[in-house]
Amino acid sequence: MAAETKSLDSKIPPGPLETKWENHKYAMKLVNPANKRKHTIIVVGTGLAGSSASATLGELGYNVKTFCIHESPRRAHSIAAQGGINAAKNYQNDGDSVLRLFYDTIKGGDFRAREANVYRLAEISPNIIDQCVAQGVPFAREYGGYLTNRSFGGAQVSRTFYARGQTGQQLLLGAYQAMMRQVAAKQVTLYTRREMLDLVLVDGVARGIITRNLVTGEIETHAADAVILATGGYGNIFYLSTNAKLSNATAIWRAHKRGAYFANPCFTQIHPTCIPVSGPYQSKLTLMSESLRNDGRVWVPKQPGDKRHPNDIPEEERDYYLERVYPSYGNLAPRDVSSRQAKFRVDEGRGVGPTGMAVYLDFRDAIKRLGKKVIDERYGNLFAMYEKITGENPYEVPMRIYPAVHYTMGGLWVDYNLMSNIPGLHVLGEANFSDHGANRLGASALMQGLADGYFIIPYTISHYIASTPLPKVDTNHEAFREAKADVEARLNKLLSVKGTRSPDDFHRQLGHIMWEYVGMSRNEAGLKKAIEEIRKLREEYHQNVKVMGDANYINPELEKAARVADYMELGELMAHDALHRNESCGGHFREEYQTPDGEALRDDKNFCYVAAWEWGGASTPPVLHKEELKFEKVQLATRSYK
Amino acid sequence: MAGTVQRTINVKLRVWRQPNRDTPGHFEEYEARDINTDASFLEMLDIVNERLIKENKDPIAFDHDCREGICGSCSMVINGNPHGPELGTATCQLHMRKFKDGDTITIEPFRARAFPIIKDLSVDRTALDKIIAAGGYISVNTGNAPDANSIPVPKADADEAFDAATCIGCGACVAACVNSSAMLFMAAKIAHLEKLPQGRVEHEQRVLKMVKAMEEAGFGNCSNTGACALSCPKEIKFETIARLNRSFLKASVKRRS
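Protein chains in written order, with the numbering used here: chain A, 1 to 642; chain B, 1 to 257.
Source of the hints: derived by calculation from the structure; they are not laboratory data.
Take the hints with a grain of salt, since some may be wrong.
Going by beta-carbon spacing under 8 Å, a handful of chain B positions derived as facing chain A [claimed, not checked]:
1) Pro59
2) Cys71
3) Phe162
4) Thr225
5) Ala229
6) Leu230
7) Glu235
The beta carbon of each residue, even a glycine, is placed where N, CA and C say it ideally should be.
Could you build the full structure based on these sequences and the hints that come with them?
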C-alpha cells in the first residue's frame with residue numbers, strides 16, 4: 001500500500017456555509033485595474049470553463065493567452081452537451097432553492113464532494129442564467145415569453161434550463177462570442193491548433209506551458225504569471241466514450257507528472273442513455289440526452305432471450321424496471337443508478353437488439369399522451385440524430401440505449417480557490433475534481449464549467465496574483481529550455497520505435513481492459529488484473545508502437561501516440577485508486593460492497609475523504625494524500641431514490 | 001429494422017491528397033473493402049487509414065472531433081456536395097448505408113480562397129472566427145446581467161433566434177458557394193442576435209462591422225444561387241440572407257445620412 005502523508009488543506013473559508021463565499025470575496029485581495037494589464041494569464045482549453053474564464057479575465061484587463069487544440073475555439077467538446085444547465089432560480093415555484101440544489105448535488109455525488117464548493121456552485125447558478133440570457137443564449141421559453149424548465153435525474157424539481165437538445169452548443173457559443181469580443185479588443189490572444197504537452201514550473205511555481213503547433217510541428221514555449229487548465233476530462237481513456245475524438249488527458253496528466261495531485265481518478269461516470277455499439281469499427285459513442293427520460297420509459301422484456309420486435313411485446317410482458325425498482329424517481333433515477341440497473345438487466349439475459357447489449361427507451365406512451373408535435377418540439381434534434389446513426393425511427397420503434405463512459409468526476413485536486421497544490425496552477429471545469437463527488441447529476445457540468453470560468457476564477461486568480469511575489473520570468477529561463485527538450489525527446493522516442501501496431505490499436509486494447517475491469521462495476525481481483533495487464537500493454541506500447549510521419553508537420557498519428565502513452569499511465573492510477581477505495585459510492589461500484597438489494601454500500605467511517613494522488617515516478621507507487629470531507633450542513637445518509 | 005441487418009459493401013474512393021498548401025494536390029484512388037453499412041463515413045475513412053498505416057503509407061488527413069454533427073469540424077466535399085448527399089447532415093453523421101456496393105466516392109476538401117488547405121482534406125477556417133470577432137456578440141461584460149426573466153421574449157422570436165443560432169460554423173455554405181461567400185454563416189449569427197431584444201441594441205453596427213470583416217477575410221459576395229442553404233447541415237434558411245441584405249442596406253444609408 002502506498003505511503004500516506006498529512007491531510008490536504010482545502011482552504012475553505014471560515015464561517016457559516018451560507019456566507020463563506022460572500023465573506024471570502026471581501027477578504028480576497030484585488031489587483032488594481034492599472035496593474036492588471038501587466039499580468040499575463042495562460043488559459044488552456046476553450047470549452048465552457050476556458051472560454052468563460054478567458055472572456056472574463058480579458059474584460060477585467062488581464063493579458064490573456066488562450067490555447068486550444070481545435071482550429072477554432074468554438075469546436076471544444078462542451079459544444080456537444082445536449083440536455084441543459086441547472087440553476088436554483090425557482091421560476092417554477094416548485095420548492096427549489098440554493099439549499100435544495102446544494103443538497104441534491106451533494107446527495108447525487110454520494111457524499112463525496114466538498115460542501116463549501118458545492119454550496120458556492122448552487123449560490124452562483126442563478127447568475128449564470130442571467131449572464132447567458134444577456135449574451136443572447138436562446139433558452140427555451142413559454143408562450144408568455146418567460147423561460148421554461150425541465151427535469152433531470154436526481155431532482156424532484158424542474159430547474160434545468162435548455163435550448164432544445166443543443167444547450168451546450170448555445171452556452172459555448174455565448175462564451176466563445178464573449179471571448180472573441182476580447183480577442184478583437186486585443187485582451188485575449190488566441191493560439192489555435194496547439195496542444196499543451198508540458199507544464200513549466202519555476203521555483204515550484206507554475207509559470208508557463210510547452211505547446212506543439214499541430215500544423216507546423218513546432219514546439220513552443222509560453223510564460224505567464226498564472227496558468228489555468230480547462231482541458232476537460234479523461235473519459236477517452238476507455239477508447240469508446242461519448243467524448244469527442246480530440247478530448248484527452250495529456251494536459252492534466254503532464255501537470256500531474258510535474259507534481260499536481262490527481263484526485264479521485266476512479267470516479268468516472270457511465271451515462272445510461274447512449275446509442276449502443278454496433279461493430280468493431282466503432283470510433284465513438286453518441287449520447288442520447290438524459291432529458292429524454294422526462295418522457296421516455298425504460299424497459300426490457302420480462303422473459304430472457306425474447307427476440308420479438310419491441311412493438312409486438314405486449315404491455316404485461318414488459319419490465320419497466322426503473323419505475324419498478326425506484327417508484328419515487330422512476331425513469332429519472334440518477335445516472336450511476338440507472339446505468340447499473342441496465343447492466344443488471346443485460347446480465348440477466350434480458351438485453352435487446354442484435355447484440356443483446358441494450359435496453360429500450362420508449363416514447364410510445366408520451367406520443368399518445370402529448371402528440372407527436374410536442375415530442376418533436378422537445379426532442380426533435382435528438383430523434384433525428386438517433387435515426388441518422390441507427391437507421392431506425394424512434395417515433396415508431398423504441399430507441400435502443402446502453403450505458404457508455406461520459407464524464408469523469410475525478411481530476412486534478414484543487415482547493416476552494418480552484419488552485420492545485422502547485423502554486424499558480426488553477427484547474428477549472430471537468431479537468432478538476434471539485435464539485436460532483438462520486439457521481440455528477442445531469443445538467444450540472446455546464447453549470448460548473450461556467451461558474452468556475454465566469455464567477456469564481458476571476459476573483460480567486462486576482463487574489464493569487466495580488467498576494468504572490470511573481471519575479472519576472474521569460475521563456476529563456478532554463479526551466480523552459482529543459483521542459484521543451486523533454487517534450488522533444490518524448491516525441492522523438494515515440495517516432496523512433498517503428499513497431500507494428502498503431503496507437504489506435506493499442507488504445508482500443510487499453511479501453512477494453514478499462515471497460516472490463518475499471519468500468520461499471522469493479523472487484524479486487526479484476527482491478528489487480530487490470531493493473532497487471534495495463535503494465536504489460538504499456539511495456540509493449542513503448543516497444544511496438546508504429547507512428548507514421550515525422551514531428552515537423554501536421555501528424556495526427558504522433559498526436560494520438562503521445563496521448564495514448566499518457567493513458568497507459570493514467571489507467572493504472574485509476575485502477576489503483578479503485579482498488580484502494582474499499583467501498584461503493586456513486587459511479588464507483590465495488591461488487592464486494594453492496595446492500596442486499598444491489599445498491600452501493602458506502603463506508604463513511606473509512607472513506608469519507610478525497611483521495612489525491614501524487615505521482616511517485618515510473619516504478620514507484622503513487623503517494624496518497626487525503627482531504628477529509630467534513631459535513632457541517634448535511635447529514636450523511638444512505639442515498640436512496642426508491 | 002435497419003440497425004439489425006449487418007451488411008458490408010465495397011466502395012472505391014477518389015481522395016484529394018495534398019501534402020501542404022504550397023504543393024499542388026491530386027486525386028488518389030483507394031479501395032475500401034468490406035465496409036459495414038452501419039459504419040459512419042468517418043469510420044470508413046478510419047478503416048482505410050488503418051490499412052494505409054499497415055502498408056506504411058501516409059494516412060489521409062481530415063478534421064473531425066465530436067462525430068455527432070455539432071462541433072463543425074468535418075470539412076469534406078463528397079461527390080461534389082459539402083457533407084455529402086444527405087440533406088441536413090454533417091459528414092460525421094453520414095452512414096455507409098447511404099451508399100451502394102461498387103460506388104465510386106470522390107472526396108475533396110472544402111475549397112475557398114479564405115480556407116487555405118493545410119493537408120489533404122484539412123483546411124484552415126479561422127477566417128470565420130474573424131467575422132465573429134468583428135461583431136458577432138452582444139457587448140455585455142460578465143456581471144452586468146439583469147434577472148433572466150426581466151425581458152420576456154415572445155416564444156416565436158426565441159424559436160427563430162434559436163433556429164439561426166444552430167449554425168455549427170463548419171463552412172459548408174462557403175464551400176458550396178460559387179463565390180465562396182460566407183453570407184449564410186454571417187446572416188445566421190446576425191439573425192440570431194437581432195431576433196432578441198438584448199441583441200437589437202447594436203444590430204446596425206454589428207451588420208456593418210461583420211460585413212466589412214467578411215470582405216477583408218477574402219470571402220466573396222452573394223449571388224443568390226441558394227446552394228449554401230442546401231448544403232447546410234443545420235438547414236439554416238436561405239431567407240436569412242435576404243434579411244441581412246435589408247439590414248445592411250438600411251444601416252449603410254443611415255450611416256451616410
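Quiz prompt | Hints the structure fails to honour | solution = 4, 5, 6, 7
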